[in-house]
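Line by line, the protein sequences are chains F and V.
The numbers in the working numbering rise by one with no breaks, and the one at position 49 of the first sequence is 202.
The numbers in the working numbering rise by one with no breaks, and the one at position 173 of the second sequence is 744.
Keep in mind that the hints were calculated from the coordinates and are not lab data.
Beta carbons are placed, not taken as given, at the ideal position from N, Cα and C, and that holds for glycine.
So the derived list for chain F, only partly shown, Cβ under 7 Å to chain V, looks like this: (1) T157; (2) K161; (3) L168; (4) L302; (5) G303; (6) K306; (7) A310; (8) S312; (9) I313; (10) D633; (11) V634.
Far from chain V, by Cβ distances over 10 Å, these chain F residues were calculated: (12) S260; (13) L339; (14) K515; (15) A597.
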Amino acid sequence: MFLTIVSKEIIGNLLSFRFTITTILCVLLMSISSYTLRERYERQLNEYNTAVTNHLKSFKESSKHHVSSTYVLDKQPAPLSMFANGLEGIGKTVNVTTSNEPTFSNSDVTVEPLSTLFGALDFEFIIRVVISLLALLFTYDAIAGERELGTLKLTLANSIPRDVVILGKAVGNYVSLLVPLGVSVLIGLGIIVLSPQVHFDGEMWKRLLAAGLVTLLYIWVFTAIGLFISVCTQRSATALLSLLLIWVVFVLAVPKASNLLAGQIYRVPSIQEIQGQKSTIAQRINDENLQEMMKMGQTVGKEVVEEWSAGGKESHSDMEGMQSAIHSTLMEKIADLQKKAQEKISAEWERIQLGYDRQRRKQLELAINFSRISPASSYVLATTSIANTGLTRQQSFLRDTKQYQREFTNYSLAKMAEGTIFLDPTNPQAKIDLSDMPRFETKAPTFDASLGEAWVDILLLAFMGILFFMAAYVSFLRQDVL
Amino acid sequence: MLETRDLTKVYDSTILAVNKLNLKVNPGEIYVVLGANGAGKSTTISMLLNFIDPTSGTALVNDIEIPKFPLEAKKHLAYVSENVELYRNFTARQNLEFFAKLGGRKKITREELDETLARVGLPEDAFKRRVKTFSKGMRQRLGIAIAIIKGADAVLLDEPTSGLDPKGGADFLNLLRELRSEGKAIFMSTHDIFRAKEIADRIGILVGGNLVRELTRQEIETEDLEPLYLRYVAGYESEEEVA
Ligand SMILES: Nc1ncnc2c1ncn2[C@@H]1O[C@H](COP(=O)(O)OP(=O)(O)OP(=O)(O)O)[C@@H](O)[C@H]1O
Ligand SMILES: [Mg+2]
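Just chain F, with the same shape it has in the complex (with noise of 0.2 Å):
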């Protein structure tokens, strides 16, 4: 009876205009998909390669004499930015120098600005974005449109529990929509690997799979969604329209509007308010400092004339002498508390900054759970952190640079110290050592790790998915059919 209503609702759509269209749109995306991200793959890879080499050649000449304060830093790109581009195409590469934060440069905008203005059109984005809204056209009608008909009612004329008819509905239309997909996939996936440049090893093959069964999760929600709404409605046309509404709101309002909504109930004050708060103390500290050295001045003049008149030396020279001795202890004391002021500065500076960072990841938590009310949101969260194109591969890559900056500063002080700085200029052949030279490493983290990552969003996926099919199951058990 099960299999009876399924392969009836796998023929009746590929039958139907829909499938045909699904079926090019699917072939035709992907494939489009892939060939140009494998092209801008194997293009960024040469890229990263070459700028690699450059960028320690440029590093090695401008070190002839001394240690150059600068070093460059290239992100490799991820072999799955194919599958997911994320947040790839943003800061591609780091300057790290011996006095400042390391920061991201050079990002895709600058190169390929259109692919930056339209967004990627990676599996992800095709899959998030097109395939919910094919799901959505699959199962609109599934109920409702029988209704219309008055299959609806021949159906359950039948010794047939109706159960059996939704959960049958749910898998033809489900399955009827990932024939086109899978194979489009498949399409897709061959003209990634077939490229030379393209060496998948088993844990790329894992993430894959892993990103597969995600993406199965996700269209089975709006499989779902589709199912409840056309349950709840008496017209085909109603819930076609409901649906496009809920749509909007899933895949496009409640991500871009995750954002505004964190920052409007955890407010965050600007760059430019740190600044000034910043700039503040010092000034105070600065202000408070002043008053103590003109206090200290004073003390300083009385103690050394009483020490002085206590010697009973009063001659011309004498007076010199007691001048120069107010000044080089004053000097000595100034230096003292401007270093001490500077300290105080740069903990104040620390605190506050710290301070702002917490706030920041705080928001920007809040925005993420916020966007999570939409599974479109959770499918990127977790195709990303599988694809390890997401938050924390930039993260963990900046801090990685950040440990690098370190490493690359002690370097070059204790260089320095070594007295390289003062290499005989005139004779060329002088050399600073470089082999010794600290190595970048960033570590991309193990499947279980990423896995770990998108577990939330997945559990989500899967809650949302039960969630639905469930309504649209009770709806239609308890419902009149009239």
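Assemble the complex: chain F is given as a structure, and chain V with the ligands must be docked to it using the hints.
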């Protein structure tokens, strides 16, 4: 065979659609329920098929309580609705086969499908045509074929003749006679007095959800049905007068 006991439906706790309906349809009998629009005919059939639950009372088929054991009961019930569109992308055969399977028929041969389609008067070239190319009457015939192939003991028909041409209507009545001779209990709703008179073994007149009069075959033949029906429908308030 088919029986209702004080069957009552109140929609939205205000609209009394069917009021304490008591009737019985025996095997080999055609029971026609006559009623104006909104009299409660479809509501009654919907309760007999468990599409909706009765507010009170119950209905039975082969002594099985329909609201309590709907799945078991529906094995014995076939249904023809008015204006069924069917699956538009499927052929007549495909539609028939699908519903035959749902009706619990395990193995259906192509011959049996074609036989049934021919029996309801569909031309042979229509068997493999998609239903979306069918006229309303052709779809109606296919709907009847779907009910026949299930082979159920009781057949419920809700205004089945509404889309049929005169020839179709006549063919249809012959089909009903065949089914009757096979011993099926047939329950049909209509507002077509003339067809009712032609075919019915018994007629029930439903006015505002109340079964106001039941006529036996003898009474159908002797009484002047049309004025009687119109009087009932028009004068439901002054029921005593009519009676
Ligand atoms: N879903 C519903 N909700 C509320 N009231 C309803 C519903 N369905 C039917 N009714 C009301 O119940 C009464 C009986 O309706 P029903 O459809 O059974 O009439 P009918 O005899 O089949 O009429 P028709 O000849 O027009 O098909 C009508 O007053 C109608 O307005
Ligand atoms: Mg009706």
